[in-house]
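J.: Next come the chains, spelled out residue by residue.
2 protein chains.
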Amino acid sequence: MRLVIARCSVDYTGRLNAHLPLATRVLMHKADGSLLIHSDGGSYKPLNWMSPPCRLDVVEVSAELAEAGVTETWKVSHAKTGDALTVHIYEIVHDSKHELGIDPGLIKDGVESDLQRLLSEQVDLISEGAKLVRREYPTAIGPVDLLVREASGMPIAVEVKRRAEIDGVEQLSRYLDLLGRDPLLSGIRGVLAAQEIKPQARVLAEDRGIRVLILDYDEMKGIESGAPRLF
Amino acid sequence: MRLVIARCSVDYTGRLNAHLPLATRVLMHKADGSLLIHSDGGSYKPLNWMSPPCRLDVVEVSAELAEAGVTETWKVSHAKTGDALTVHIYEIVHDSKHELGIDPGLIKDGVESDLQRLLSEQVDLISEGAKLVRREYPTAIGPVDLLVREASGMPIAVEVKRRAEIDGVEQLSRYLDLLGRDPLLSGIRGVLAAQEIKPQARVLAEDRGIRVLILDYDEMKGIESGAPRLF
DNA sequence: TGGTGCATCTCGACA
DNA sequence: TGTCGAGGTGCACCA
Chain A
1 MRLVIARCSV
11 DYTGRLNAHL
21 PLATRVLMHK
31 ADGSLLIHSD
41 GGSYKPLNWM
51 SPPCRLDVVE
61 VSAELAEAGV
71 TETWKVSHAK
81 TGDALTVHIY
91 EIVHDSKHEL
101 GIDPGLIKDG
111 VESDLQRLLS
121 EQVDLISEGA
131 KLVRREYPTA
141 IGPVDLLVRE
151 ASGMPIAVEV
161 KRRAEIDGVE
171 QLSRYLDLLG
181 RDPLLSGIRG
191 VLAAQEIKPQ
201 ARVLAEDRGI
211 RVLILDYDEM
221 KGIESGAPRL
231 F
Chain B
1 MRLVIARCSV
11 DYTGRLNAHL
21 PLATRVLMHK
31 ADGSLLIHSD
41 GGSYKPLNWM
51 SPPCRLDVVE
61 VSAELAEAGV
71 TETWKVSHAK
81 TGDALTVHIY
91 EIVHDSKHEL
101 GIDPGLIKDG
111 VESDLQRLLS
121 EQVDLISEGA
131 KLVRREYPTA
141 IGPVDLLVRE
151 ASGMPIAVEV
161 KRRAEIDGVE
171 QLSRYLDLLG
181 RDPLLSGIRG
191 VLAAQEIKPQ
201 ARVLAEDRGI
211 RVLILDYDEM
221 KGIESGAPRL
231 F
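Protein chains in written order, with the UniProt record's numbering: chain A, 1 to 231; chain B, 1 to 231.
Hints are computed from structural coordinates only; laboratory data are not their basis. A quick note: this is a predicted structure, and the numbers were derived from the prediction, not measured. The reader is advised that the hints may include incorrect statements.
Intra- or inter-copy, both count: the list cannot distinguish identical chains.
Below, computed lysine to aspartate or glutamate pairings styled on EDC-like, alpha-carbon distance capped at 16 Å [stated by the list, open to error]:
#1 80 x 165
#2 108 x 11
#3 108 x 83
#4 45 x 103
#5 221 x 64
#6 131 x 121
#7 131 x 67
#8 80 x 196
#9 198 x 83
#10 198 x 67
#11 131 x 150
#12 80 x 109
#13 108 x 95
#14 45 x 32
Hey, can you work out the whole structure from these sequences and the hints?
T.: Following this line, the structure appears as structure tokens:
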């Protein structure tokens, strides 16, 4: 990992052509050859970048550019696609190298698929005595997260979200509309299950007769592990 | 812009929960308060991050964590959504601050819309004596980039791409299929216009009777400016 | 290895 | 301001 702060201009050519005028930026050159060019704002997307596999070469500065003040020119190229990034450096403000090693990587937890799996194993949370028909129940507009039947036999479509917002309600409404036309599922009702629900989404759901179920992920995980959580 | 290289562990809670085990990483703290956590590989997406608007607070290290070797704890929180990033720092390897100023930003050039506009002004490139019917000609599955009529009156649908690939051919095929049913456009033919075309796309296009037109963006821009390019 | 769909998507255009 | 669609999307999952 090499970190450089430099006054530079950048040109990209590939799927499109793009240019960054002269300014001071961060150049992050990673061990895999990739290069990220960041400014002091914006979100995580760099102003410009080259993804691996690629290679960085320091090329000779043309007389004309040297005249204009360029001290170094980097060329980062992607062998396969032919995409190329050219960085003209006018001044290096900072330059450091660091050994980072291989990262153990991100552990994601509590994503929708986890919640869905846990809830499919604990359908009693939806309705006492309910039975799972299936996960990812297919419809013409995509699969419904869970289809279950209450003890009474009434079908329920369940939409699972980490955080339920308006679009989750809309999504479930479309499923219910479609599934309700199936004679085997007539009278189907909806449950929106989520760890959190935005107030607007709750209002809309209730207005449409959709029940809201708040899930306690930690508790559900505790049940999964076969014992109540002790801490 | 503050750049820190540190051995750290990170926890994110928000739309989901995520954890990064102890390892050496780059912490990029931008002037707008945002924080990016990068490893020495992968593409431009950080392992973890917090987007602005947010604030970074250095909070007290609990006795337990201090015991475990934590020297500093950062809490980056998004006021509105409640998302939070907690960084436990065990060792700082590098720490530097830099004034970058406001970036002039990226200038994109040669994107599809530019090509489309230029070609709509130079329809002779498609067929000598052709006339533009309209740009973004609407159909049920979306607008066709250009609809023109040859000198003979025969209609032509044009799909413009910076770099034409298989899906561009498929897209144009669907338009042709649909437009051909309109009696006013019967016999319509297709032209795929692009700066570059992948060999597979060329083969598929020609197999379907779609003509391929290679565009010289610089030349087209030269014509636009009213004079041939001198350099 | 290519195809598909999701994302803590990001980002710009437009109503 | 919210919504919609594209992206040099990245990324995981799956055939």
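J.: All the hints need checking, so say for each whether the structure fits it.
T.: Against the structure, the hints:
Taking CA atoms no more than 16 Å apart as the test, residue 80 paired with residue 165 passes between copies only; the shortest distance there is 15 Å, against 42 Å inside one copy. Taking CA atoms no more than 16 Å apart as the test, residue 108 paired with residue 11 passes between copies only; the shortest distance there is 10 Å, against 36 Å inside one copy. When the C-alpha separation of residue 108 and residue 83 is checked against a cutoff of 16 Å, the pair qualifies only between copies, where the shortest distance is 15 Å, while the shortest distance within a copy is 32 Å. Only between protomers do residue 45 and residue 103 lie at most 16 Å apart by alpha-carbon distance; the minimum there is 14 Å, versus 20 Å within a single protomer.
With identical chains, the CA atoms of residue 221 and residue 64 are never at most 16 Å apart, being 65 Å at best within one copy and 25 Å at best between copies. Taking the shortest Cα distances, residue 131 and residue 121 sit within 16 Å of each other inside one copy (10 Å), while across copies they are farther apart (64 Å). For the homomeric pair residue 131 and residue 67, neither the shortest alpha-carbon distance inside one copy (77 Å) nor that between copies (48 Å) is at most 16 Å. For a Cα distance limit of 16 Å, the shortest separation of residue 80 from residue 196 across copies, 15 Å, qualifies, whereas the shortest one inside one copy, 45 Å, does not.
Taking identical chains as interchangeable, the C-alpha atoms of residue 198 and residue 83 lie at most 16 Å apart only when they sit on different chains, with a minimum of 14 Å there against 43 Å within one chain. Taking the shortest alpha-carbon separations for residue 198 and residue 67, neither the intra-copy value of 59 Å nor the inter-copy value of 39 Å comes in at or below 16 Å. In this assembly of identical chains, the alpha carbons of residue 131 and residue 150 lie at most 16 Å apart only when taken from the same copy (6 Å versus 64 Å across copies). In this assembly of identical chains, the alpha carbons of residue 80 and residue 109 never lie at most 16 Å apart, being 35 Å within a copy and 22 Å across copies at closest.
Taking the shortest Cα distances, residue 108 and residue 95 never come within 16 Å of each other, neither inside one copy (34 Å) nor across copies (28 Å). In this assembly of identical chains, the alpha carbons of residue 45 and residue 32 lie at most 16 Å apart only when taken from different copies (14 Å versus 18 Å within one copy).
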